[in-house]
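Start from chain F and add chains Z and B according to the hints.
Listed below are the residues making up each chain.
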Amino acid sequence: MLYRDVIYLHTKTDSFQDVTERVAKIIEESKIRDGLCNVFVKGTTAGVMLNENDRMLIEDFRKLLATMAPDEHLYQHPENAKSHLRAAMIGNNITIPVADGKPMVGSWQNIILFEFDVVNREREVVVTIYGQ
Amino acid sequence: MLYRDVIYLHTKTDSFQDVTERVAKIIEESKIRDGLCNVFVKGTTAGVMLNENDRMLIEDFRKLLATMAPDEHLYQHPENAKSHLRAAMIGNNITIPVADGKPMVGSWQNIILFEFDVVNREREVVVTIYGQ
Amino acid sequence: MLYRDVIYLHTKTDSFQDVTERVAKIIEESKIRDGLCNVFVKGTTAGVMLNENDRMLIEDFRKLLATMAPDEHLYQHPENAKSHLRAAMIGNNITIPVADGKPMVGSWQNIILFEFDVVNREREVVVTIYGQ
Numbered sequence: 008m009l010y011r012d013v014i015y016l017h018t019k020t021d022s023f024q025d026v027t028e029r030v031a032k033i034i035e036e037s038k039i040r041d042g043l044c045n046v047f048v049k050g051t052t053a054g055v056m057l058n059e060n061d062r063m064l065i066e067d068f069r070k071l072l073a074t075m076a077p078d079e080h081l082y083q084h085p086e087n088a089k090s091h092l093r094a095a096m097i098g099n100n101i102t103i104p105v106a107d108g109k110p111m112v113g114s115w116q117n118i119i120l121f122e123f124d125v126v127n128r129e130r131e132v133v134v135t136i137y138g139q
Numbered sequence: 008m009l010y011r012d013v014i015y016l017h018t019k020t021d022s023f024q025d026v027t028e029r030v031a032k033i034i035e036e037s038k039i040r041d042g043l044c045n046v047f048v049k050g051t052t053a054g055v056m057l058n059e060n061d062r063m064l065i066e067d068f069r070k071l072l073a074t075m076a077p078d079e080h081l082y083q084h085p086e087n088a089k090s091h092l093r094a095a096m097i098g099n100n101i102t103i104p105v106a107d108g109k110p111m112v113g114s115w116q117n118i119i120l121f122e123f124d125v126v127n128r129e130r131e132v133v134v135t136i137y138g139q
Numbered sequence: 008m009l010y011r012d013v014i015y016l017h018t019k020t021d022s023f024q025d026v027t028e029r030v031a032k033i034i035e036e037s038k039i040r041d042g043l044c045n046v047f048v049k050g051t052t053a054g055v056m057l058n059e060n061d062r063m064l065i066e067d068f069r070k071l072l073a074t075m076a077p078d079e080h081l082y083q084h085p086e087n088a089k090s091h092l093r094a095a096m097i098g099n100n101i102t103i104p105v106a107d108g109k110p111m112v113g114s115w116q117n118i119i120l121f122e123f124d125v126v127n128r129e130r131e132v133v134v135t136i137y138g139q
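Residue numbers (our numbering), protein chains in the order written: chain F, 8 to 139; chain Z, 8 to 139; chain B, 8 to 139.
So here's chain F without its partners, still in its complex pose (with noise of 0.2 Å):
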């Protein structure tokens, strides 16, 4: 069994969303009890990430990221450059098991959507259930 929905989000550059409650509401709906779900933003600007929500945490993550792929740096890709890295290094699809119709994820396995644009966007993130 097949079920599939998309998360309409409008994101501001440089921030993050938790979508895990509407990753499980369409777990829910999908009447689907065992299988896969997969969350797959598009974009390339864009990350999924699994981890815990806390704001220091986050904050630590864009510092890491913003070390890795600096603000002021000159890069060959116009405008954007550090948008597309930063959200390449933490990707845009995960795949998490679901078990009695619930994310089978640890407790502080948040699902959380980056938004790494220079500017606001709208965004879809595809929500893709497959099981029994």
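Any given hint might turn out to be false.
It does not matter which identical chain is meant; a pair holds if it fits inside one copy or across any two.
Distance condition first, Cα-Cα at most 30 Å in a straight line; then the derived BS3-like pairs of lysine-lysine [what the hints assert, rightly or not]:
1) Lys70 x Lys49
2) Lys19 x Lys32
3) Lys49 x Lys109
4) Lys38 x Lys49
5) Lys70 x Lys38
6) Lys109 x Lys32
7) Lys19 x Lys38
8) Lys38 x Lys109
9) Lys70 x Lys109
If you're looking for bench data, these hints aren't it; they were derived computationally from the structure.
Since this is a predicted model, take the numbers as computed values, not measurements.
For chains Z and B alone, coordinates are given in the frame of chain F:
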């Protein structure tokens, strides 16, 4: 067809374990011949990677991650920020093809779990196989 | 329904190839309209990434990875440690949604294979489609 099992591991802080054979055994037990196998580690301070299980290479990986998220550094998240950051750089979920009842991977492509936390942990690695 | 095919590539050391169209063609051949598509590269010194295929951006990616795992550096793993490290940072497996028989990705979201090895290689990219 769906099959799921969990690998329970005792991990020591800052260590790694090769789970390739245990995953292959679960695939065998599933009787699924062709499909996909998802390997997912619960928790936000451990990672799972597909790469060569060579002790010297693993040391190179640890050094790279320690350069990215150093032991001695002022983080905002208390205690184990470095563990979260290193885990996120490696990722905690992989999906690999299954053919003829075996992981369809390269000869040196082992499934390696990294424990990045600052204390020993009990870990659950969820293995989900989907196919026919 | 399950469908699998393999893309065979000759790769040059330290190069990249865009496989978006070949993956789209396999999805079309599968006759699967809705589901998920897993793209997996065999081997431990190549990576696969979803991002914009812009020559200047790719150059930025190469520079970032060369900063993380430099050419000239004392590694413990002999010969091609840098290739393993760079490959692991990019990852070697992605899973993308399929809708209406096409990859459901952003306009600039190309599937790009990176060859990080120090010699030319023959690569196998396994494409598995699951759906209905």
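Hint check results:
1. For a Cα distance limit of 30 Å, the shortest separation of Lys70 from Lys49 qualifies both inside one copy, at 24 Å, and across copies, at 25 Å.
2. When the C-alpha separation of Lys19 and Lys32 is checked against a cutoff of 30 Å, the pair qualifies only within one copy, where the shortest distance is 24 Å, while the shortest distance between copies is 35 Å.
3. Within a single copy, Lys49 and Lys109 get their C-alpha atoms as close as 24 Å, and across copies as close as 14 Å, so both meet the 30 Å cut-off.
4. Taking the shortest Cα distances, Lys38 and Lys49 sit within 30 Å of each other both inside one copy (25 Å) and across copies (23 Å).
5. In the homo-oligomer, the alpha carbons of Lys70 and Lys38 never lie at most 30 Å apart, since the shortest distance is 40 Å inside one protomer and 45 Å across protomers.
6. In this assembly of identical chains, Lys109 and Lys32 lie within 30 Å of each other by CA distance both inside one copy and across copies; the values are 9 Å within and 26 Å between.
7. Taking CA atoms no more than 30 Å apart as the test, Lys19 paired with Lys38 passes in neither setting, with 33 Å inside one copy and 38 Å between copies.
8. For the identical chains of this complex, Lys38 and Lys109 are neighbours both inside a copy (10 Å) and across copies (25 Å), given an alpha-carbon limit of 30 Å.
9. With identical chains, the CA atoms of Lys70 and Lys109 are never at most 30 Å apart, being 32 Å at best within one copy and 37 Å at best between copies.
Of the hints listed earlier, those the structure fails to meet are numbers 5, 7 and 9, in rising order.
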